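Engineer: Listed below are the residues making up each chain.
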Amino acid sequence: MPGPLIESLARQGITRRTFLKYCATLASMMALPPSAGRAMAEAMAAARRPSVIWLPFQECTGCTESITRSHSPTIEGMIFDMISLDYQETLMAAAGHQAEAARLDAMQDNAGKYLLIVDGSVPLGLDGAYSCIGGRSNVEMLKEAAQGAAAIVAVGTCAAFGGIPKANPNPTGAVPVSDIVKDRPIVNIPGCPPIPVVMTGVLAHYLTFGSLPELDDKGRPKAFFGETIHDRCYRRPFYDRGKFAKTFDDEGARNGWCLFELGCKGPVTHNACATAKWNGGTSWPVESGHGCLGCSEPDFWDAGGFYKALSVPADPLRIAGVAAAAGAAVGVGLSFANRAKKGAAKKAHQPVTLADLEKS
Amino acid sequence: MNELQFLTWVRGPGLDLAVGLFLLGMAWRLFEIYSLGRKQDLAAPRHAAGASGLHTVFRRSMPPPGMLKRSPVSYLGGYIFHIGLVVVVFGFAPHILLIRNLTGLSWPGLPSQFVDLAAVVTMAAMVVVLVDRINKPVKRFLSTFEDWFTWMVTFLPVLTGWMAVQHLLLPYTTMLALHILSVEVLLVVLPFTKLLHVFTLFGSRWFNGKANAHKGVPV
Amino acid sequence: MSASLEKVTQTLKEVIDAPIASYFESCVHCGLCAEACLFYTETGDPKYTPIHKVEPLRRVYEQEYTLLGRLKKMVGLSRPITDEELDQWQELVYDSCTLCGRCSLICPVGNDITYMIRKFREGMAVSGHVPDGIRGATQRTVEIGGPMGLKWPAVANVLKKAEESTGLTIPVDQAGADYLVLLSSMEIVNYPEYIEALAKIFHKAGISFTLASDAFEATNAGIQIGASDIARVIVSRIVDAAERLKVKYVLSPECGHAYTAIRWEGPNLIGRPYQFEVVHVLEFLDGLRQKGALKMKDKFAEPLILHDPCQIVRRGGVLQAPEALIREVAENYIPVADQQKWNWCCGGGGGASAIHTDEAEALRAKAFGVKKRQIEAAGVKTMVTFCANCRIVMEEAIDHYEMDTKLLGLTELLAEHLED
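Residue numbers (the working numbering), protein chains in the order written: chain A, 4 to 363; chain B, 914 to 1132; chain C, 638 to 1057.
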């Protein structure tokens, strides 16, 4: 699709004004100064379409679905028009050797400049045999593609943190991208799936400033992952007042009270759901009455159960009963020993006489 | 180990271990202490109103006449931090949920702003009693490593809990995990330090009350 | 371990029981017991903190009866008690503790520290870590019959004088009497008026009584020094006499620790309940008062305060009678701030008054400060008490401070104002 982005947007009925507004919103969401919105719009409108290679590994395509298949065309979807998506198995028309050839061509033509997007985790078990494309393991492909990449975006929790494939007992030996690639800048956009606007925000930032946004210690853009769901949750006042839904259909649930007791992981989950929402701002999990699963955090699948409140034991107490019994046994044993000792002392008692009162 | 794994460990195996060691320690120590037995008092008892072991268990919670004035920091500081701990431990909704999960008992929680205030007041009172322990000749004279250690072990859960809620210093997840870990340390050391007074104080007051009640003296 | 330390440990192993274990485990080192102890409040020296006085006992408990303590002992992490240490503790356990029991009322976790000191003394006594004064009193009580070395002929002499001055007969060894009257040496020697007063009251009330020539002495240095075996020998004299004479009641004299010995420790020493009742003289008098049999002809007019002896009131349970009686006889009775079970000790109970080293005497004088302030605050010149030991200790202190306070015995005061 030739020509700058603004033209292709116009063709699809999106005015310059709408696009500017969108960029301003994006800028503010990323906590950039207001002027950045205009700069972003200008940069993106005129951008040369960078080459993007999207590698899918152990994944469910949910991330692609999230970003591309909204119920109606969105600006997020449109923005994909501004990149030259040279390889994306799910979306591309080519297949088999043709597709692989396209990937290799893109890598060669744009060596050192292309953006590598990865979704899915990388299995290392059995020399990577758990997931192969065209007979080549994911890990091999990743290493190869990473070499010429300007930056890597790990989309979705699987690519970012290993996700569900890595969940206990991790039969495929799945690892995140960051475990394999150490010498390229990596942005993690976790979420199961990730929020579309986060993806476009990162792309917009990259196109505008030629760099990746500021990241937190887990490689996530701070602008979107800087705060917890709990802190931005509209049900927070209920938490503070101690008003909790106890079941999914009690009065509290109907009144929209806090879902903490139903296992909401909002307090330990960093993501922008509470502010960005989903499906064009329609709703988000907590608003729909279900607690946060914590999907944008590493190992969320193994964090003690989705329906267990954070303050309750993650696992049932197994040794407590045995320990109490053992303690009682030790105690009873000591009781007998002590009583025997005391008894012996009493038995050995010599009547105290006046002579004893004299210092010996 | 990332912080969520850390949190999951302290909520899972860590808690199991800590509760296990606590129960083991408590059973062991209570048997050890109370199995030593005592002699029956053969003197003819004298009965007096208000004199019994049970009376003393309750009465000893009030300062004896004149003592409040004599040692205000000990009493006021002590009351504030003990009551504060009770409010924080048993009034904070997530704690109640834990107790419900472990025992099935439950009651309404207090507003979190109130619990937050109680935590701050508790910490302030604990710092005051610590300073008092350093300053007062008698307290300093009696103090051993155990006194400083148990202060720290009691203070840390309050501090980390409060910091977690306030998002201070470390991310909430890490702080929450540290908070739970600090409580687990408290649970493990409790049976083996003076913190055991939480339980033995009832026995001690009862013994004292009963022995004196035998003579008709409400103590 | 030396033979004497062996004895200490062996004895302490015998006396350590569940209450002692519970008390040690409950102590949080708050130091409030110091505020209850007149040796601390009057000197400000932290070593007089009551719980510190039983520190060697705590270590024996820990090393002998707790698993962790035994392990620590095995690997050499705990310090065993030493003779030098016990020497050092002798002052804390005897000179500066009167077993007054105030700390036991104040301890917020409920520790009966007095009980612990009493038990610790058992270990101190068997190894000879005792003050010469109390040892001497104990020896005299066992060998001669009383702590002051008083023998029956001397007592008989005093009784004879009392008979002469009152014109009443004082029965001796009379089987079947209602009351067996006990005395304390101090009363016999220093306050014979007590005997006269009592004779008058008995005759007036028409109640039969007797003295026993082989059991006139109520005091028991054995419980003060902390040697139960010796205390048993001493208390058995009274029990034997009372049961031989088949009396219904044994009347304990005003003396404080004598009351504790005969009323509370006695049955536990001999290992069975008595076949008679022990009544403190004030309980007896208050009984008469309640029946209207104690009528006063006039009242003592001067303002006065009351000193409640620890062993009779706080540790003995005679709580209400003293005040009821003093109100009967005194026109100007002024209650003090810390009275009844909250009273402050005279400074010489628990055997301390028998210690006559310079240090012990100086300490006692200092400890009297709290009583001195009470007297001065009330602005009185008269203090009434009902324990010969308290009385003599306080008289010494009053001399020491050159105060013009007069001390009176309550029974004696009552007798003086009794209707003829």
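Keep in mind the hints are simulated off the structure, nothing from the lab.
Keep in mind it's a predicted model, so treat the numbers as computed, not measured.
There could be a bad hint or two in this list.
What the hints assert, rightly or not - Here's a subset of chain B near chain A, in silico, CB distances under 7 Å, partners left out: (1) Ala961; (2) Pro976; (3) Ser1025; (4) Leu1043; (5) Val1044.
To be verified - Computed list of lysine-lysine pairs in DSSO-like fashion (alpha-carbon distance at most 30 Å, straight line): (6) C:Lys644 with B:Lys952; (7) C:Lys841 with C:Lys798; (8) C:Lys644 with B:Lys1049.
A virtual CB, placed ideally from N, CA and C, is assigned to each residue, including glycine.
Engineer: Hint validation: Pro976 of chain B versus chain A, beta carbon distance must be below 7 Å. Holds or violated?
Structural biologist: Because about 32 Å separates Pro976 of chain B from the closest Cβ in chain A, which is outside the 7 Å limit, the hint is violated.
Engineer: Using 7 Å as the Cβ threshold, decide whether Ser1025 of chain B counts as touching chain A.
Structural biologist: holds, 5 Å
Engineer: Per the CB criterion, is Ala961 of chain B less than 7 Å away from chain A?
Structural biologist: Violated. Min distance 32 Å.
Engineer: Mind checking the alpha carbons of Lys644 of chain C and Lys952 of chain B for me, to see if they're no more than 30 Å apart?
Structural biologist: holds, 21 Å
Engineer: Given the proposed pairing of Lys841 of chain C with Lys798 of chain C, does the C-alpha separation stay at or below 30 Å?
Structural biologist: holds, 19 Å
Engineer: Sort out whether Lys1049 of chain B lies within 30 Å of Lys644 of chain C, counting only the CA atoms.
Structural biologist: Roughly 37 Å separates the two Cα atoms, so the pair is violated.
Engineer: Against chain A, is Leu1043 of chain B within 7 Å by beta-carbon distance?
Structural biologist: violated, 28 Å
Engineer: A closest beta-carbon separation below 7 Å is what the hint needs, so does Val1044 of chain B meet it against chain A?
Structural biologist: Hint violated; Val1044 of chain B Cβ to chain A Cβ min 32 Å, cut 7 Å.
Hints 1, 2, 4, 5, 8, counting from the list given before, are not met by this structure.
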